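**Q** Below are the chains, spelled out letter by letter.
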Amino acid sequence: MAGFSELIKNFDKTRDYVRDFFIYGCKVRSDFGRKSIRTYGDEKRRAESWMSEYMRYDDSVRGRSVSISVDSGHISENPLYNAYYSRSFTDNDIRLHFLITDVLHDGQKRTLKDITDLLNTDYGQLFDEQTVRNKLKEYTDEGIIISEKQGKTLYYSLSQDDAECYFNDLAGFDEAMQFFSETQHFGIIGNSILKMLGRKNELFFIKHNYIIHTLEDILLPELLAAMDEKRYVSFRTFSAKRRNEGDVLGTENQVVPMKILVSVQTGRRYLAAYIPGLNRFTAFRLDYMKTAKKGSVYEDYDSLKAKFDRNMSRCFGVSFGMRRETGTVTPMKIVFFADEKKEPYIIERLEREKRCCTLERTGENLYTLTADVFDPNELMHWAKTFIGRIVRIEGGADSVRERFCSDIARMNRMYGGDENEHIQ
Amino acid sequence: MNIFSEIYGTYFRIAAKLLEKEVTDDKTVRDTVQREGFRDSVLFLPQKLIPGDEDWGLFSRTSDGKLKRITNYPPVKVLTKLQKMWLKAKLADPRIRLFMDDDTISELEKRLGDVSPLYSREHFGFTDRFSDSDDYLSSSYIKHFRMVLEAVKKRKILYIDFVSGHGRRMGGKFVLLKLEYSPKNDKFRAYCYLLKNDRIKSSGIINIGRITNIIDTGRTFRTPVSMEEYFLSRKCSSPAVIRVTPARNGVERFMLEFASYEKHTVRDLVSGEYTVELWYDEQDETELLIRLLSFGPVIEIMGPPHLRQMAKERIQRQAELIGKYRKEN
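As you go down the protein sequences, you meet chains C and Y in turn.
This note's numbering numbers the first residue of the first sequence as 1 and each following residue consecutively.
This note's numbering numbers the first residue of the second sequence as 1 and each following residue consecutively.
These aren't lab readings, by the way, just hints derived from the structure by calculation.
Just so you know, these numbers come straight off a predicted model, no measurement behind them.
Among the hints, erroneous ones may be present.
Once the Cα atoms are required to be at most 16 Å apart in a straight line, the calculated EDC-like pairs of lysine to aspartate or glutamate come out as [as the list claims (entries may be wrong)]: (1) Lys17(Y) <-> Glu164(C); (2) Lys293(C) <-> Asp217(C); (3) Lys354(C) <-> Asp128(Y); (4) Lys68(Y) <-> Asp122(C); (5) Lys195(C) <-> Glu36(Y); (6) Lys48(Y) <-> Asp31(Y); (7) Lys88(Y) <-> Glu122(Y); (8) Lys207(C) <-> Asp284(Y); (9) Lys207(C) <-> Asp102(Y); (10) Lys184(Y) <-> Asp217(C); (11) Lys184(Y) <-> Glu351(C); (12) Lys88(Y) <-> Asp102(Y); (13) Lys77(Y) <-> Glu142(C); (14) Lys178(Y) <-> Glu77(C); (15) Lys235(Y) <-> Glu277(Y); (16) Lys187(Y) <-> Asp135(Y); (17) Lys354(C) <-> Asp132(Y); (18) Lys187(Y) <-> Glu353(C); (19) Lys305(C) <-> Asp228(C); (20) Lys207(C) <-> Glu122(Y); (21) Lys235(Y) <-> Asp71(C); (22) Lys77(Y) <-> Asp106(C); (23) Lys110(Y) <-> Asp162(C); (24) Lys200(C) <-> Glu36(Y); (25) Lys305(C) <-> Glu353(C); (26) Lys290(C) <-> Asp217(C).
Below, a sample of chain C positions facing chain Y; criterion: calculated Cβ distance under 10 Å [to be verified]: (27) Ser88; (28) Gly124; (29) Arg133; (30) Ile275; (31) Met380; (32) Lys384.
Far from chain Y by the CB rule (all over 10 Å, computed), these chain C residues [stated by the list, open to error]: (33) Asp117; (34) Lys195; (35) Arg268; (36) Pro331; (37) Arg361; (38) Arg389.
C-beta: ideal position from N, C-alpha, C; glycine also.
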């Protein structure tokens, strides 16, 4: 595998592969039909190198399948952060990084010429002024170097924000870093602070932990900036099916971004946005999205945002859709049975999980949930967690109620009810 | 300004670590790369650090064969603008008060100056988070949290009174191992062992929000404790075995939703169905069961028998309820 490098330039490509290894768990080389054998081999080797202790291999007639198997509730550091720590760079990048910061270590302000001369005289490294200027500009943007104009000359000095001082001076900072480095949002940034100082999280585990979300964080700064600046944002979307079919172009979207919606139960995150061409709100999955780029200002953003907030109050999950298609207007009512004496925890569950719906006691041991939501389908996925307690469903869409009843009939047969569908 | 930047990268970090000492040697370079790098870094990185044909020129060879850094000082470790913006955003998170008092938060705020926050809470919405989250602003909650955190760090033995999930008042001496946070519940819990006569009696989990009183016994638990043993003591004896069908995009939905579990997957080439073994904490069995049921007939619980039986009973009860409702109407 000549020319292999652990480091990468293109985060998106790696993101696809890591996601497939992680999510599906039993993909073999031939499942990644979209790329060459070389690409598959390189991506697999990188994933192995970053996450060796979590890789799992299974041999089958189709070949060796590769997966990443992590009990993410029982790990102290997200192994997928390694993807971010693998950016490739040039020899000059690393030389200038350590040499420029060394030149400025004494706290003195220096001009470009001073710095370039010192690199030559004190370190024996010849750089042209343009190369050094570019690096100084880049590090000024990163906040590592401070630039200050005196007259017509720019002076450069090192930032005095020593990370170690934050840990030493601020009681509780260390523990806060350990916690926030493994939680949303942008835990990777907290982890980069800990790593810089050779520290690590030794206190916290995260339950219901969707570590894959970190790979989507690469998109977020641009989406958040577009929201703050009230701009359009454009991006391409690639569903899993289309990616596997070799669709490298995806679908181009231009939308007005409203909010990032996080599902802590399904493992999905979305960009909720307005599509001007269709005059509707919709939610785009972040894991299907690539190359977000903010565009021009959307003039009427504030009133659109107010409308979005109103609509959100009728979203059970992320769908703004079904009513428009079915024309349904009746709120859905689901009556649940819960033994008030023996099962108060069921009533507590209904209360804490009801989201935008209302719950009222409508009889002895009976509780009615009223859902005036855009998409009753989303509600039913949740309602099925109460299988065995649903006394009645009214309103909503006929198709949704019928599907629930037919699903229960199928499940009853499947699990050996009236008719045994699978088990002999 | 991007977190996907070499300045945060593993290679830069290893180089910085080696540049901390004025003089080092080839073995230390290789050992450090082996320890701190990716699995294959040892094949690529040492030759970039050790003087030779390919090196970056960060070290020179001394007459006694050692490696001397070309820099004058240990590398600086300053916070970048992105890291400060992230810290600024955390100042608006109520959970930061669990760790820092008001004066410390003010000091942090002062240090961050006019840096803009990387994000605001309004940028994000949680669609399905439970509504009974812990009260991070309650002074008694903060007090209990800090006592628990301190006990975790120092392996202190605490006497704790709390209310169990079923409403029973409980109390006892505990050694606390780690803290757990769930974004779904927005709650903290502590992994612990209940002690009787200073010996481990059983493993448990205590919700910080359910603690009513804590007394520091002033003693520490000196027996070494392994988290692996703790997790093992709570793990199911046999995994849940689930058949997942491709209908209604079931495979993708299932795999993503259960991505946080340790699992093993096998695909049937003919049917396109997947068989997934999921390992879970026994205490979370009901939570697992109801989540599995929410997938309807797209999946089937094949085992273990008691899990399948529980599913069967709930489904039969539901089928009866539907039948009864249809008769009445």
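**Q** Now tell me if each hint is right for this structure.
**A** How the hints compare with the structure:
1. Lys17(Y) <-> Glu164(C): Holds, because 14 Å separates the two Cα atoms, which is no more than 16 Å.
2. Lys293(C) <-> Asp217(C): holds, 14 Å
3. Lys354(C) <-> Asp128(Y): Answer holds: Lys354(C) to Asp128(Y) is near 9 Å, not above 16 Å.
4. Lys68(Y) <-> Asp122(C): Holds, because 14 Å separates the two Cα atoms, which is no more than 16 Å.
5. Lys195(C) <-> Glu36(Y): Status holds; Cα separation ~10 Å.
6. Lys48(Y) <-> Asp31(Y): holds, 14 Å
7. Lys88(Y) <-> Glu122(Y): Holds - the C-alpha atoms of Glu122(Y) and Lys88(Y) are around 15 Å apart, at most 16 Å.
8. Lys207(C) <-> Asp284(Y): holds, 11 Å
9. Lys207(C) <-> Asp102(Y): violated, 29 Å
10. Lys184(Y) <-> Asp217(C): violated, 19 Å
11. Lys184(Y) <-> Glu351(C): holds, 15 Å
12. Lys88(Y) <-> Asp102(Y): holds, 15 Å
13. Lys77(Y) <-> Glu142(C): Holds, at roughly 13 Å.
14. Lys178(Y) <-> Glu77(C): Between Lys178(Y) and Glu77(C) the Cα gap is close to 14 Å, so the pair holds against 16 Å.
15. Lys235(Y) <-> Glu277(Y): At roughly 14 Å apart (the allowed maximum being 16 Å), Glu277(Y) and Lys235(Y) satisfy the hint.
16. Lys187(Y) <-> Asp135(Y): holds, 9 Å
17. Lys354(C) <-> Asp132(Y): holds, 11 Å
18. Lys187(Y) <-> Glu353(C): holds, 15 Å
19. Lys305(C) <-> Asp228(C): holds, 12 Å
20. Lys207(C) <-> Glu122(Y): Not OK: Lys207(C) and Glu122(Y) at ~24 Å, beyond 16 Å, violated.
21. Lys235(Y) <-> Asp71(C): Since the Cα atoms of Lys235(Y) and Asp71(C) sit roughly 11 Å apart, the hinted pair holds (cutoff 16 Å).
22. Lys77(Y) <-> Asp106(C): Roughly 14 Å between the alpha carbons, so the hint for Lys77(Y) and Asp106(C) holds.
23. Lys110(Y) <-> Asp162(C): Within the cut-off at roughly 15 Å; holds.
24. Lys200(C) <-> Glu36(Y): holds, 13 Å
25. Lys305(C) <-> Glu353(C): At roughly 26 Å apart (the allowed maximum being 16 Å), Glu353(C) and Lys305(C) break the hint.
26. Lys290(C) <-> Asp217(C): holds, 11 Å
27. Ser88: The hint holds - Ser88(C) has a Cβ within 10 Å of chain Y, the shortest such distance being about 7 Å.
28. Gly124: Holds. Min distance 8 Å.
29. Arg133: Hint on Arg133(C): violated, closest Cβ of chain Y at ~18 Å, above 10 Å.
30. Ile275: violated, 19 Å
31. Met380: holds, 9 Å
32. Lys384: holds, 4 Å
33. Asp117: holds, 16 Å
34. Lys195: The assertion about Lys195(C) is violated, with a minimum of 6 Å to chain Y.
35. Arg268: violated, 6 Å
36. Pro331: The claim holds: Pro331(C) sits with its nearest Cβ about 19 Å from chain Y, beyond 10 Å.
37. Arg361: Fine: 18 Å to the nearest Cβ keeps Arg361(C) off the interface.
38. Arg389: Check fails; 8 Å does not lie beyond 10 Å.
Checked against the numbered hints above, the structure violates hints 9, 10, 20, 25, 29, 30, 34, 35, 38; every other hint is satisfied.
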